[in-house]
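Student: From first to last, the protein sequence lines are chains A and B. In this text, residue positions in the first sequence follow the working numbering: the first is 931, and each later residue adds one. In this text, residue positions in the second sequence follow the working numbering: the first is 994, and each later residue adds one.
Note that these hints are calculated values from the structure, not bench results. Remember, predicted model here, so these are calculated numbers, not experimental data. Every residue gets a Cβ at the ideal spot worked out from N, C-alpha and C, and that includes glycine. Just so you know, not all the hints are guaranteed correct.
[Claimed, not checked] Straight-line C-alpha distance at most 20 Å; calculated SDA-like pairs for lysine to any residue:
no., chain 1, residue 1, chain 2, residue 2
1, A, K1035, A, R999
2, A, K981, B, E1095
3, B, K1096, A, I958
[Said to hold, decoys possible] To give an idea of the chain B side of the interface with chain A (calculated C-beta under 8 Å), a few residues:
no., residue
4, K1096
5, L1097
6, F1099
7, Q1104
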Amino acid sequence: GQQLNQSPQSMFIQEGEDVSMNCTSSSIFNTWLWYKQDPGEGPVLLIALYKAGELTSNGRLTAQFGITRKDSFLNISASIPSDVGIYFCAGQLSRGSQGNLIFGKGTKLSVKP
Amino acid sequence: DTEVTQTPKHLVMGMTNKKSLKCEQHMGHRAMYWYKQKAKKPPELMFVYSYEKLSINESVPSRFSPECPNSSLLNLHLHALQPEDSALYLCASSQDTWTGNEKLFFGSGTQLSVL
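The following block holds chain B by itself, in its conformation from the complex:
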């Protein structure tokens, strides 16, 4: 099983809303990631969690707030987003922190539209 599950599949929100994206994996992976992908572009790294601790924040605005409640779950809390934040948000996981011999598995993404 190499499945990373993301919910919801689609999300439309206003700029004053608060919403959360959820990600779950049951592969025993200890590293989890959030990526943002604009249309026709490659994914861009946002956050990395290693053993449930935030290890990388790629200078992401504070309106995006990640949370890792346990080793299987990863959330991304959204508040006061801007229309330019509309994108496909991808969760990914790997066995351990990316050390060069790992495989990164992606979920199917949440397509976010900010109105």
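Chain A with its partners taken away, still in its complex shape:
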């Protein structure tokens, strides 16, 4: 089946650092969504991207829809402790494909000890 390669798998952050993660695929995507999930909770939608090249911000978060439509990245600036959690990218391959939202395997953000 179709796959999204999300990296890194995990990373440690120190408060104040900038964070970057991305998702890539060999397939062309129509839509990219970025979610954050805390333990025992459902994913919360952070940013939605619909056009190639689109750059969208939500507070300290910035995400871009890659020009090739095969990738997307998420940046977090000046990280704070509450940024800890698992971040998922999700994409849809084509219009009209009901429920066909493909998830990356997630990037786990933890605080440096």
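Use these hints to put chain B onto chain A, whose structure you have.
Tutor: Here is chain B on its own, set in the frame of chain A:
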């Protein structure tokens, strides 16, 4: 308001029990979804309802039975589950059937443990 409400938050059941998970949204969304999520894995699609009709069943075992009584409610009936069915069950909704311009909103999930 972008809230999808799920109850119960936690559920422990035996393999012979019958239980139901409930989901509610008041955003006027016409598409509702059930996902299953194992620890440290992404959500996996189970069912999609569009305009109160089941449109996708991702080959889910019959011990899971979805129901959509009206456009705001979605239930998942559970019967004779196995321990491997223990997971976080997520409900989600979107304005319409996922056509590429929709945003999918998730509930907080029901953490299910099957003993």
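Student: With reference to the structure, classify each hint as holding or not holding.
Tutor: To see whether the hints hold, each was checked on the structure:
Between the alpha carbons of A/K1035 and A/R999 the distance comes to roughly 19 Å, so the proposed pair stays at or under 20 Å and holds. Taking the CA atoms of A/K981 and B/E1095, the gap is near 13 Å; set against the 20 Å cutoff, the hint holds. For the hint pairing B/K1096 with A/I958, the CA-to-CA distance comes to about 19 Å; that is within 20 Å, so the pair holds. For B/K1096, the suggested interface contact is upheld, since its CB lies about 5 Å from the closest CB of chain A, less than 8 Å.
With its C-beta approaching chain A no nearer than about 6 Å, B/L1097 sits inside the 8 Å limit, and its interface hint holds. Interface hint status for B/F1099: upheld, as the beta-carbon distance to the closest one in chain A is roughly 4 Å, under 8 Å. Because the smallest distance between the Cβ of B/Q1104 and any Cβ of chain A comes to about 6 Å, under 8 Å, the interface hint for this residue holds.
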